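Undergrad: Residues per chain, in single letters:
Number of protein chains: 4
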Amino acid sequence: MGNFRRVPVGVIGASGYGGVQLIRLLIDHPQVEIVYLGGDKSSGNVNGKSFGDIYPHLSHVVDLSIEPPELDKIARKCEAVFLSLPNGLACQMVPQLLDKGCKVIDLSADYRFSDLTVYTRWYGKERHDTSVAENAVYGLPELYRDRISEAQLIGCPGCDPTASLLALSPLLKQGLIVPETAIIDAKSGTSSGGRNPSTELLLAEADNSLTAYGIAHHRHTPEIEQVCSELARHEITVQFTPHLIPMVRGVLATVYARLRDPGLVRDDLITIYRAFYRNCPWVNICEPGIYPQTKWAGGSNLCYIGIEVDSRTGRAIVMSVIDNLIKGKAGQAIQCFNIMMGWEETQGLPKLGFYP
Amino acid sequence: MGNFRRVPVGVIGASGYGGVQLIRLLIDHPQVEIVYLGGDKSSGNVNGKSFGDIYPHLSHVVDLSIEPPELDKIARKCEAVFLSLPNGLACQMVPQLLDKGCKVIDLSADYRFSDLTVYTRWYGKERHDTSVAENAVYGLPELYRDRISEAQLIGCPGCDPTASLLALSPLLKQGLIVPETAIIDAKSGTSSGGRNPSTELLLAEADNSLTAYGIAHHRHTPEIEQVCSELARHEITVQFTPHLIPMVRGVLATVYARLRDPGLVRDDLITIYRAFYRNCPWVNICEPGIYPQTKWAGGSNLCYIGIEVDSRTGRAIVMSVIDNLIKGKAGQAIQCFNIMMGWEETQGLPKLGFYP
Amino acid sequence: MGNFRRVPVGVIGASGYGGVQLIRLLIDHPQVEIVYLGGDKSSGNVNGKSFGDIYPHLSHVVDLSIEPPELDKIARKCEAVFLSLPNGLACQMVPQLLDKGCKVIDLSADYRFSDLTVYTRWYGKERHDTSVAENAVYGLPELYRDRISEAQLIGCPGCDPTASLLALSPLLKQGLIVPETAIIDAKSGTSSGGRNPSTELLLAEADNSLTAYGIAHHRHTPEIEQVCSELARHEITVQFTPHLIPMVRGVLATVYARLRDPGLVRDDLITIYRAFYRNCPWVNICEPGIYPQTKWAGGSNLCYIGIEVDSRTGRAIVMSVIDNLIKGKAGQAIQCFNIMMGWEETQGLPKLGFYP
Amino acid sequence: MGNFRRVPVGVIGASGYGGVQLIRLLIDHPQVEIVYLGGDKSSGNVNGKSFGDIYPHLSHVVDLSIEPPELDKIARKCEAVFLSLPNGLACQMVPQLLDKGCKVIDLSADYRFSDLTVYTRWYGKERHDTSVAENAVYGLPELYRDRISEAQLIGCPGCDPTASLLALSPLLKQGLIVPETAIIDAKSGTSSGGRNPSTELLLAEADNSLTAYGIAHHRHTPEIEQVCSELARHEITVQFTPHLIPMVRGVLATVYARLRDPGLVRDDLITIYRAFYRNCPWVNICEPGIYPQTKWAGGSNLCYIGIEVDSRTGRAIVMSVIDNLIKGKAGQAIQCFNIMMGWEETQGLPKLGFYP
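One line per chain: the protein sequences are R, F, H and L, in this order. If you read the first sequence in the UniProt record's numbering, its first letter stands for residue 1, the second for the next number, and so on. If you read the second sequence in the UniProt record's numbering, its first letter stands for residue 1, the second for the next number, and so on. If you read the third sequence in the UniProt record's numbering, its first letter stands for residue 1, the second for the next number, and so on. If you read the fourth sequence in the UniProt record's numbering, its first letter stands for residue 1, the second for the next number, and so on.
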């Protein structure tokens with residue numbers, strides 16, 4: 001295995017689904033060593049517990065306790081820190097962690113916005129770390145690989161924006177659609193809602209049921225619009241509607257948009273998408289007539305994209321599926337981290353799902 | 001209970017999900033008696049079996065065998081016949097059943113089209129029963145109650161068109177939207193796919209997964225367009241995309257369309273929908289800010305409709321949920337039958353779901 | 001429909017799954033009128049809310065608010081009261097409700113034990129209402145119909161004891177098995193755990209998973225043993241192990257016991273079970289070789305029992321299935337109430353499940 | 001990575017769940033190369049297809065077609081062959097494959113029985129390859145590691161026997177229980193039923209339902225008894241009852257047995273189990289009071305065992321969970337293969353599940 005040093009990393013917010021996935025993947029990562037697990041202020045009850053008390057099935061491989069986060073200690077032990085905390089907590093820690101020399105990969109919304117007034121408008125929280133936020137890079141490697149490679153701070157997108165943007169980007173970048181006609185109908189499993197108990201996420205409530213939520217007002221909207229606007233080089237408004245699906249994992253984004261050129265056919269778009277994602281090891285464009293299932297991506301860091309054109313309506317319909325906890329969360333964070341470190345982008349990440 | 005005669009009815013296609021639901025509901029219907037169960041030519045293996053062999057849990061209440069359909073016998077025994085057969089079979093039986101004096105409620109696609117050339121284009125089958133088809137009424141009582149009350153033959157819509165049309169109709173009828181912007185993202189449980197075994201409907205395949213299918217080409221499209229065009233009083237093309245959801249029952253149609261008047265707000269639409277469905281006992285318009293879940297409708301004949309307006313994008317987003325096997329199938333057929341017979345539209349139909 | 005008075009009843013604990021099922025069933029009950037809904041002290045946040053705020057899909061049929069329970073008011077308005085509260089709360093209200101002349105059907109464990117020292121040993125709570133408890137009747141009509149018909153207070157068994165006892169009773173009553181060899185492996189859907197949020201009942205945790213719990217110590221054990229001992233006419237210890245199944249509704253109890261007479265065959269047992277349950281409209285004994293599925297019972301008040309004998313091991317294996325929220329909860333309470341009132345035992349209860 | 005040769009292997013029965021799991025795991029195995037995929041005679045329709053046509057999500061990593069099995073070609077290309085075929089097919093191929101020098105790991109029942117008369121009695125098929133069968137080793141490495149290391153032919157146990165035997169073996173080996181009191185109540189996900197479509201495995205049928213099957217007659221019984229008898233050193237009869245659980249993956253075996261020594265407590269058994277499995281990297285004994293969930297094992301080759309003693313009844317209750325497709329199928333086969341090759345037993349096998 002050669003003679004190299006493993007990079008010491010920490011995971012803050014270790015008790016949630018983001019945390020447990022990060023830990024699972026980092027354990028198998030050949031160049032990393034987990035040296036620190038932190039809880040979060042919002043769930044004081046996990047601080048001090050051993051990780052194995054919370055996830056007994058991992059007690060034989062993880063021997064760390066979850067500590068109340070102390071920034072000095074974190075910075076002393078870790079070269080890089082993954083933050084998987086509720087929105088609004090990372091921004092209280094990140095400026096100091098950066099000052100102390102850590103690389104930071106944040107999985108919350110705190111550093112996804114270059115313009116903090118947008119954050120404040122949608123998240124209702126004043127922020128004063130403007131310059132820190134301005135230097136953060138949006139952690140979608142398929143679009144921002146170069147900037148990620150030079151960043152100290154990444155604001156990773158979650159599952160819905162990742163699936164949505166991977167489906168929409170080639171269309172916008174190439175100017176193939178009328179941007180304001182873009183509609184994203186997103187569908188995700190309930191693990192996206194996290195591990196804190198709530199009535200609507202109970203199996204008895206959510207199983208064998210289906211509902212839309214956050215219609216016209218969901219907080220993922222502005223970050224999708226920020227990236228889309230950048231791709232289209234002008235301000236864009238998109239329709240984004242998430243749905244809660246009775247399953248544990250997976251996201252499917254069904255994206256509709258009117259084509260500028262009604263003569264474009266499916267094969268044209270497939271060619272364009274393949275070119276766009278040529279250097280992206282984690283994006284697979286399906287063969288003509290094949291539409292992806294979320295189960296295909298389950299357990300892997302892959303995104304599968306299926307493409308159709310409806311010549312009757314003049315629309316492109318693009319479907320993308322990911323595992324919400326891997327490419328939509330922990331896997332993407334590690335993909336970004338690999339790039340920050342100058343490693344192979346695929347390092348330590350699962351390339352085969354667990355189908356069925 | 002008074003001194004009335006129960007109307008003798010038959011169910012052809014008794015072994016499928018449509019059949020078993022029809023039978024379950026008709027058993028509890030106060031004015032009906034099931035006197036005949038028929039199989040279908042496509043599944044010869046059920047013919048001759050007792051119904052209780054196929055559904056042992058109903059053997060104590062249903063004492064009939066499933067007979068190979070003989071039209072003379074059916075007509076001799078039944079005043080009305082429910083046909084729940086694969087597409088293309090009903091049209092071989094219905095003309096004679098009508099001639100022999102039966103009322104017919106067909107659950108397949110065979111009699112949903114006033115113009116059989118549309119049927120032939122989408123279903124790939126030549127038809128010669130033009131005049132019969134022209135006299136059939138589309139069995140969506142909320143739109144065609146009067147015509148249903150005078151019909152001898154009903155072509156009942158299935159689950160996706162029912163949910164879609166109940167969501168779209170008020171907008172089109174009142175001219176509130178730009179029709180060609182209408183997009184229907186439909187999501188339905190796997191029982192919509194019927195009871196014949198197929199790999200993609202296995203639990204191991206369909207559970208914890210999610211996919212779109214029939215994109216740009218699904219056969220439900222033309223019947224939705226037929227009704228929409230009638231409401232809008234000109235030819236309309238709609239985008240219809242069905243998705244397979246990992247649950248047994250239920251449909252959610254999420255409908256998007258651009259409002260003509262950007263000044264309309266949610267409360268305006270709610271008022272308009274409530275007026276439109278004022279005399280419809282099976283349609284419930286949700287309070288502002290409440291979005292329906294499929295589970296609410298499970299086990300009942302109700303349709304719940306939630307309404308939102310996105311002032312940023314100028315779109316209405318309307319969500320409707322039904323139980324695919326009741327309001328989307330057997331319940332709707334009985335609702336039509338009640339109207340044909342001059343009975344209360346709610347007779348014998350479940351008004352309370354089985355939540356959770 | 002004749003000219004009769006509807007009996008005014010109340011439901012305390014209206015916001016949980018027991019409550020919502022009671023309300024759903026009582027609405028359809030032809031001889032009852034719901035006049036009062038009460039919350040419980042443990043969930044103060046529902047008191048004062050309208051029922052439709054908690055269950056929007058029922059807002060069109062239930063127009064009552066959930067009141068903080070006042071015993072005087074309850075007794076003034078209600079002839080009978082259904083209590084669906086966490087263990088330990090009913091016993092604070094029932095003595096006074098009885099004094100004030102109400103009939104009481106309690107769904108908690110508080111009045112299932114004739115000997116309160118057993119209750120105290122397993123539930124860890126001192127009790128002083130000994131004489132009230134002694135006059136309560138265990139609400140399993142198939143065993144105690146006569147006593148229920150004369151009772152003022154019923155302590156209804158929950159889902160696991162109901163399924164277990166219906167499977168075991170004929171064997172014990174007829175002395176067919178060696179009692180101490182009885183093992184009950186019970187499996188139930190997560191709605192049995194109630195509607196209060198908890199991590200282990202989240203869809204993301206409980207779906208696609210399976211576990212046993214409360215092994216060797218579950219609180220349902222002593223009430224099962226109390227009834228079994230009565231049937232066997234001596235003290236009996238049984239093995240009872242519940243499992244959490246990734247589904248919303250349903251219970252399957254698989255019961256194993258060694259037959260005293262190794263010559264007994266399956267048909268013998270089926271004959272004995274049919275005789276035992278001859279006058280029980282809610283118990284169905286399956287044909288030889290047919291084993292029941294929980295789905296059969298879903299939505300109905302029925303219990304299906306399948307029977308097998310293993311001549312190799314000398315054991316009887318008996319499987320019983322019920323809907324945990326109907327025959328295992330609200331339906332059973334109404335069945336008891338029907339008997340208390342001298343009505344038909346089947347009045348107002350669903351006899352057909354919602355399969356599939 | 002050093003300079004070693006990858007061992008060429010083939011998978012026959014590549015299109016089913018056993019096949020796809022084998023392929024997924026073998027792709028990641030550092031010492032193996034898949035050089036051949038074969039179909040089976042029973043599903044002629046897959047022969048000739050590319051693997052990617054059947055599993056599109058793997059088309060980017062598997063570039064082989066599924067060939068109609070020709071033994072000469074297989075033997076020429078492969079050093080070892082994994083057979084994942086329906087029962088009764090392997091025995092037509094294995095004798096020749098062995099003759100031609102292949103190592104064979106069979107996942108069917110064909111080579112699990114040292115005494116072929118037992119096979120014939122339970123599987124209803126005459127066999128003439130007696131000496132081949134006698135030299136096959138039962139592929140449960142935790143019990144037969146040494147014999148596996150010297151074998152040319154392995155008959156791998158499936159999911160229920162694996163979970164059952166890992167739970168029971170220490171008790172039997174140490175003589176701690178009365179063997180004839182052993183009852184195995186096994187519960188497994190529907191992927192155990194394979195990928196061929198059948199009505200009872202449809203999501204609409206199997207989801208939200210639960211049933212026992214094969215009671216008193218299931219074909220897994222004799223192989224469990226064969227191993228148990230060997231451990232106990234006399235003929236043993238066990239009660240084995242499988243249940244179909246509404247989930248994709250996972251097995252839980254709940255095992256009950258009367259302890260010979262009523263003074264044994266839980267900690268004693270935990271100590272004994274830990275000693276028994278000391279050198280078994282794939283078996284984890286849970287801490288006292290912790291009971292395993294199938295989800296813990298999902299995606300890994302691990303078996304988690306939880307142990308309880310009921311002092312009231314004098315019984316041990318042991319629960320073991322595995323992933324039915326990994327430790328219960330493909331993973332176990334590879335674990336055996338690793339041992340046959342003299343490699344680390346853990347080579348190429350997932351040690352961390354995909355929780356949640």
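Just so you know, the hints here were simulated from the structure itself, not pulled from any lab data. Every value quoted in this text rests on a predicted model; they were computed, and no experiment measured them. Each hint should be verified, as a subset may be incorrect.
The list makes no distinction among identical chains, and a pair is therefore deemed to hold if it is satisfied within one copy or across any two copies.
As the list claims (entries may be wrong) - Pairs of lysine to any residue, SDA-like flavour, derived with a Cα cap of 25 Å: (1) K125 with R312; (2) K125 with G289; (3) K100 with R127; (4) K73 with T237; (5) K125 with D261; (6) K49 with L98; (7) K100 with N47; (8) K49 with P288; (9) K351 with F4; (10) K49 with E225; (11) K125 with S311; (12) K173 with R260.
Undergrad: Taking the hints in turn, state whether each one holds.
TA: Hints versus structure:
no.: 1; hint: K125 with R312; result: between (46 Å within a copy, 22 Å between copies)
no.: 2; hint: K125 with G289; result: between (45 Å within a copy, 23 Å between copies)
no.: 3; hint: K100 with R127; result: within (21 Å within a copy, 61 Å between copies)
no.: 4; hint: K73 with T237; result: neither (43 Å within a copy, 56 Å between copies)
no.: 5; hint: K125 with D261; result: neither (42 Å within a copy, 34 Å between copies)
no.: 6; hint: K49 with L98; result: neither (27 Å within a copy, 49 Å between copies)
no.: 7; hint: K100 with N47; result: within (23 Å within a copy, 51 Å between copies)
no.: 8; hint: K49 with P288; result: between (51 Å within a copy, 17 Å between copies)
no.: 9; hint: K351 with F4; result: both (24 Å within a copy, 23 Å between copies)
no.: 10; hint: K49 with E225; result: neither (40 Å within a copy, 39 Å between copies)
no.: 11; hint: K125 with S311; result: between (45 Å within a copy, 23 Å between copies)
no.: 12; hint: K173 with R260; result: within (13 Å within a copy, 29 Å between copies)
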